[in-house]
Amino acid sequence: MNPRSRIVRTALSHGLALAAGWAVYQGAASQGVFGGTGASSAAGMGAAPAKSAPRSPADEKAAAEILAKALKPAGNGGDPFADYEPYNDGARTEPPQTIKEYRDRIDSITVPEDIGAALVALTAEGGGLTQEGYADRAALTYHWLAKDPQGFFDWLKADRPRANAVGIDIQQIAPELYRRLGAEAVLPMIGMAGEMKYAVASMLATSVAKSGDKAAVLKARATLSGENWEYFSRNIGGQWPNDKLADLVKLAVECDEPLMAIGHRLHGDQGSYIAGLIADESLPEDFRQRLSENEFARQGLARDPKVPLELRVQDGGNLEGVLQSDVSRIMTEERDWAFAFRHGQATAQEVLDAVRAGTPEIAEKEPEALRTWVFRELAEENPAEAMKLLKDLPEAQRSEMALTYSRLHFNDVAPAKFLEMMQQVPADTAEQWEGRLDAWNARGYTNHERLKEGYVEWVQDLPPGIDREMGLYSLARAVQAANPELAVKLRNQVTDPALQKRITQRR
Amino acid sequence: MKPAAKRIATHAGAVLLGIALATAVLPAVSSSNSDDDAARAAARLAAEEAARNAKLSNSSGKSSSGGTGESRSAAFRAAWADLAKEPLNFKQRIAAQKRMLGEWALFDLDGALTAYLGEAWDERDPMYNGQDPLGVAFYQAFTQHPLESWKTLSGPRMGMARQLLAHMWARSVGDRDREMIISVLGELPDEVRQNALAIMFLSGDVGAAEKRPALLAKLTTTGTPQQQEQWLQEVYRAIPQTADPASLSAKWTGMPASGERTREMAAWASSQRRADPAALTAEWDKIPAADRGQAARMLLSQVDNESPALLDAIEKGIEAGEWSTLSQGVCDKLRGFETDRQALAEWALTLPEREETRFIFNLAISEKLIADPAAGRAWLEALPVGSWHREHGFIELMLGSVWVNDDPAAAQRAIDSITDPVAKQTAVTDFYNWQLITGQKKIKR
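Here the protein sequences line up with chains Z and F, keeping their order. The working numbering applies: residue 169 is where the first sequence begins, and numbers increase by one. The working numbering applies: residue 6 is where the second sequence begins, and numbers increase by one.
No lab work stands behind these hints: they were computed from the structure. Ideal Cβ positions, reconstructed from N, Cα and C, are used throughout, including at glycine. All the pointers check out, no bait thrown in.
Under the rule of at most 30 Å between Cα atoms (straight-line distance), these lysine-lysine pairs were calculated in the BS3-like manner:
hint, chain 1, residue 1, chain 2, residue 2
1, Z, Lys365, Z, Lys382
2, Z, Lys620, F, Lys446
3, F, Lys156, Z, Lys657
4, F, Lys216, Z, Lys325
5, F, Lys338, F, Lys291
6, F, Lys338, Z, Lys620
7, Z, Lys365, F, Lys216
8, F, Lys447, Z, Lys669
9, Z, Lys669, F, Lys449
10, Z, Lys533, F, Lys446
11, F, Lys446, Z, Lys556
12, F, Lys338, Z, Lys325
13, Z, Lys556, F, Lys90
14, F, Lys429, Z, Lys669
15, Z, Lys533, F, Lys447
16, Z, Lys268, Z, Lys315
17, F, Lys223, Z, Lys325
18, Z, Lys559, F, Lys447
19, Z, Lys268, Z, Lys387
20, Z, Lys657, F, Lys449
21, Z, Lys620, F, Lys223
22, Z, Lys229, Z, Lys240
23, Z, Lys240, F, Lys90
24, F, Lys447, Z, Lys620
25, Z, Lys365, F, Lys338
26, Z, Lys620, F, Lys156
27, F, Lys446, Z, Lys669
28, Z, Lys657, F, Lys429
29, Z, Lys559, F, Lys446
30, Z, Lys556, F, Lys447
31, F, Lys256, Z, Lys325
32, F, Lys449, Z, Lys620
33, Z, Lys382, Z, Lys418
34, F, Lys90, Z, Lys229
35, Z, Lys559, F, Lys449
In silico negatives: residues of chain Z with every beta carbon more than 10 Å from chain F:
hint, residue
36, Glu262
37, Gln265
38, Arg273
39, Ser276
40, Asp316
For reference, chain F alone in the conformation it holds in the complex (with noise of 0.2 Å):
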């Protein structure tokens, strides 16, 4: 990491400046986001500097800089090349760096591309919130041509490039160009997209509520099936709860299959997410068994871990053999999940023994076996030696002990206390990789 990076720290005052800034210059799109809204702000301040830079470029008539084609971006590439010899700090650089991009973006996205790639990305500008300062150079560029400026983002080996600068893409095009941001969305990046749906579902508007039903509308009508229910349920996750199941559950059971039902299903899983678990079930029981999988699914992503029937939302999932979808991302709606622990990991051994529901069960108990290691041990050790939850407890045990109680020989005695080798190695693995994450400096293999 660069030392320009281990300033961010130091520059709290800085964070709250971005912050400060961000919605001093961005009221359309503030958001309670400090991350958000300092990125929006280094960009509303990168388009002002090349807005500058191109009316100067107007004013100053025809240069020797202004030529089209090879010309233009070989001057751009040999300035670029040229400002390396400069003695600049490392403000006046990336300040120096941003303007070049930005103009030459503009008319060789693919140069300026290029040259981005070409230089450091950790640069952390504490001024731009920790965000990458040379990436904002692109956002007149993306906001003037923002078909095209995708066309290039997603085009074959740019990978990195849209990794790195997806994000600027869609809050480039954002609020303005809902449209476009549909057009492309089964394009994005997973996180692109769901930071795309969020500026469009949540940035700043007070009648937002009164216009998402037309919003919601168009996402129906875009897509696969299958990208339709992933993006209504990342949408329905934000926006606030629905209400009224019956009726919502009622119009959705007699529509034909369409994007439309799918949206009214996510607006009735939505409703579910405070349900009681009674309630909960009483849902359930009305919808047809050929429905049952894709309720399972909206119901899985819309409850979360202040949902009372969260483990009742696991139960129809598993009942439904939702494999899948309970493999990704449904354990960590157990964190903070708050409720009796003991309770908790007595229900976690009703868990089917299958890989996708391994996370499901480690997450389940890993709370009590924290809370207090020795106890958990002895209630790990009563459990038949040799079955799945007594093995995978203990790779939890290990997890535990060093993630969080930072006790090395703890994980290892919850290591040697595995009788399955292939289950032992998962633990070796586990705690191997845990050394690697966390930066230990001897690496125990």
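Bound conformation, chain Z alone (with noise of 0.2 Å):
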């Protein structure tokens, strides 16, 4: 196709996608409930802002002061993150401690002889509990789990909304079963927990770890195997104080468990701290061996842009790897690139220059795989300005990498996006037909997997056009063992004569 008449097309079928999805929003629109007028929102079907109307200043201030509220919200600054402890808290070294109204009722309470009718007996009026409630439950359960942890766990097994109901409560009073039982007594709660044992193994290694209890580890090691020591361990590094690191790796030794080092530092500069870790020449070499083998660590050198370049890559994993988390990072640490890009406050080439500014000697030696990598992101935002990165590319080259990335990514994206993506391609030439063919039978399985009958509703409301033919072609493909008829139904509509040869042959 030459370029002017694909631009018309381009434009034409544009026109149509916004008039489909105008179609959509009127949809919606008549639906009215709370009062909502359902006038048009061009920004809201992901459309540039720019086009909306004209507004009063009495407009300009009312959406100001909306904007400003929720850009400033009360609390926490803006930052939904602000106000929890990040994962690794090794710098926190108070134990974590059961709360003192439970920590008192414990001390109260009068134990009855069935405490498990006691427990019935607290819900048995419907409704949520109490405050009190909730304590008096709490408390029954910590003198069950201290008298007879298998009875407890017996009872908890047979009928799985008591496990949801007091998992809480082992939350809440794991800490003081291990403060007043020992490590000695709470570790084979977690061989009898049943399917709860990686909940009552996480609970316990967090007290375990935060009081930097050597002793109770080794003696986790001795005691528990398999699936119950991996859940008690992989949870100890990342609770462990940063003041006593040195004994975390000595344990990680002893232990023989390199994951349990790894742990302690997943965020930040866990690379670095790896790297290091696997250059201490005082570290057993099969123990450094490993720890340089080992998935996670090999995730977390990739991760960290302190880790030398050639580290990342070799032993950390792979160009991708690297990639990945140099690209994801720089494209939401600072600035959310991909939403500014959807919204036309970016361009590609914008975002592009900022990622190489942050990740200077990968753009330098792996520049190709940088505009690879940022092309594939932002073409599920904006595919016709993401294919302005590709323009250097000889136009078959350029197909072949839109319809690559069509078919390999798009996940979890709107179907109207990756229908502009192949309007971008042309498909004149067998291979681009193929291409765009594989692409849709790809996509039809994700798009109706993940929306179901809104993804059918979408494809049959498309408009004429090879785009139309194999989304319908495809969507069949996709329904076929769990929805037959449906199948038919949409095969029907396949009026394309080489679809409908597939279709006769069973493709």
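If you follow the hints, you should be able to join the two separate chains into one complex; please do so.
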């Protein structure tokens, strides 16, 4: 297809896509229930916000107020993570504590003979528990666990809602169980906990780790095995106090458990920390070897930009891992570049420049791989604009790359974006036609899996053309096993002779 | 996939934090399922934010954004568009959009849904265990207006919004209003209905067993007989196995057709979950011929890969001619079914040659072929050339070669061994689908 006709076709198909989006929107707007008028929102459909109608000063003021409130909420300064401690909180050395109300209730409650019946009686009236009710439930759970842990877990396993209800109690009282009964008494509970073993192991491990209790970890190593030890040990490193790090590394060596040491830092400078361990000649050679081969360690090395690039790429996984980590970090940390690009606030070149500046060594040594990676990410936001990153490639290569990434990516992306992507690529050659069908066939599965009848609606509303034909054909393939009647209905709408032939061939 | 999505893998810690938060803030519905826990925590946090915002709105008096109808909706649309111009990072942007959507949805759900649908869906917030962080913004609106919001979601051309948000709706209404959930059970997408039933029957309550009969009784008076059968199958599969099959079957065989009879039959089928083949056959022999179709459907819904009489239940389904049931998911019960692989493969050769039994046949021979492909090939080659079992056996050999053994060359040899053109095309198409689904860089067509 010559360039001019492609531009015309692209304009037409974009118009049709927008019309389809408009139709969807109109359908939604007609269902108003809370007093909204459902008037058009160009930005709402992902189109350019600049097209919205002129605003009056009052409208501007109202919008500015709403925006200001959304940007400056009460309490946490806009960061939803601000109120929560990060996972690697080794800097906090205080062991967790059962809340005071529960500790007091553990001491004051009269323990009945049949604790199970007493627990059921707490909720017999229906409705939620009061604060006192929660304290009673936690205290009864504590006493049952202290007295007869096997009996308690047997009762729990008999009906899942019981475990769902008292899971919170076990979490709350785990520190008190550990504090009052000691590691010797609490570690065997992991083996009795059945489906709750991971929860119980991690709760007890948190108490043990934050206390820096080396003896308890060694006791666990000697008495736990299989999943019980795995669940317990994997929760030690992340909770271990920073000021006792040397003890943790020694324990990891003694327990022959590299993951325990690796887990100390899952965020931030994990790569540098692991690189330090691997280089530490005071540690046994085979332990260091296993560290360097551990998948989590390799991922950590790849993620950390402070680690020398050679180590990140060769020992820390591969180039893809490094690209993924760096591009992901740069495109989200300082600014949400994908969002800005989607809404026309940044060009593809500006985003690429920002990514290059954030990872200069990769930009210098692997410029094309970096460009491709950024294209891949941006194509899901605004396919037409993202294609500008490929403008210097020969047309055949450009089409191939666009089709390949349409097939391999665009998971969990609005189907309309995928359609926009398809519309950037001609279907002139047999190879392009096949590549386009491959992409539609792949998306048929993923989009139907996620959007079910919403995707069926969308495909059936597509405007006439090769993409509607391929959309129907690929969706019929995707639903064949679970809904053969729908598959027939979709296939009956296919008019393209080449696709009809494939249908008769059961392809 | 956007960069944020990739970060999930690096945030195992955040997942744990999500679980911890979930159990900390949502004791009443805490579950052993970590995804559910995190989603509930997310919903709770969103509700808290929305409530905070609503409080701020009220306390600041009537502002220009506090109008009604069109002017207020228009202001939100304008603010939503303006947000795109703010140089925010990912976390700040998600937080701001979530707050705006939450407040917007409370008075103009359509407008908020339109804005949501126009935004990228593949955002993944590690804080929320990879759940859609914008979807949680609707928690408050769904909670405050459950029926109205469901009507909006179930309206025409809202299929995508319904699919993306129905789980959030079910969680929002969930435990608070079981009557409401039951009243729309027939309209919910399959997986959302299953989730809603799980919330109703499995959410945390030490006294759940005592309250269950009343809840089950409500199910028996809602929906069509077919829907009741399906719902009861799903519930009985999730709750503890019932006991005393003899008294249970005596009960339902004496009852007239009704939802309650269906419930009793589901309870009886549940009692057979761990029955041995002889006990199951003894029970089966007592069932009147007219009831055997439904009884077989019930049995097939309750058995699993730990059922000693799994193969017997499949045989009862075949005997009763329940082909549709046999074709939908029964084959998956054979995954992990512990038995002698050779005996299972020999049993598979007795299966009738029908499309509906094809996947049961495939799964029954699958592990034998995967464990020793050369011996598996020899076993297949010994079957009569062109026979249904041989042809479909080679399709399974092809599937195991690529999906499990990572041996495309062996897959091709398996395809080459198929003589029936239709079966061969099925194998070629399955091989192509494997390439698509697993994201092979180069496609062999």
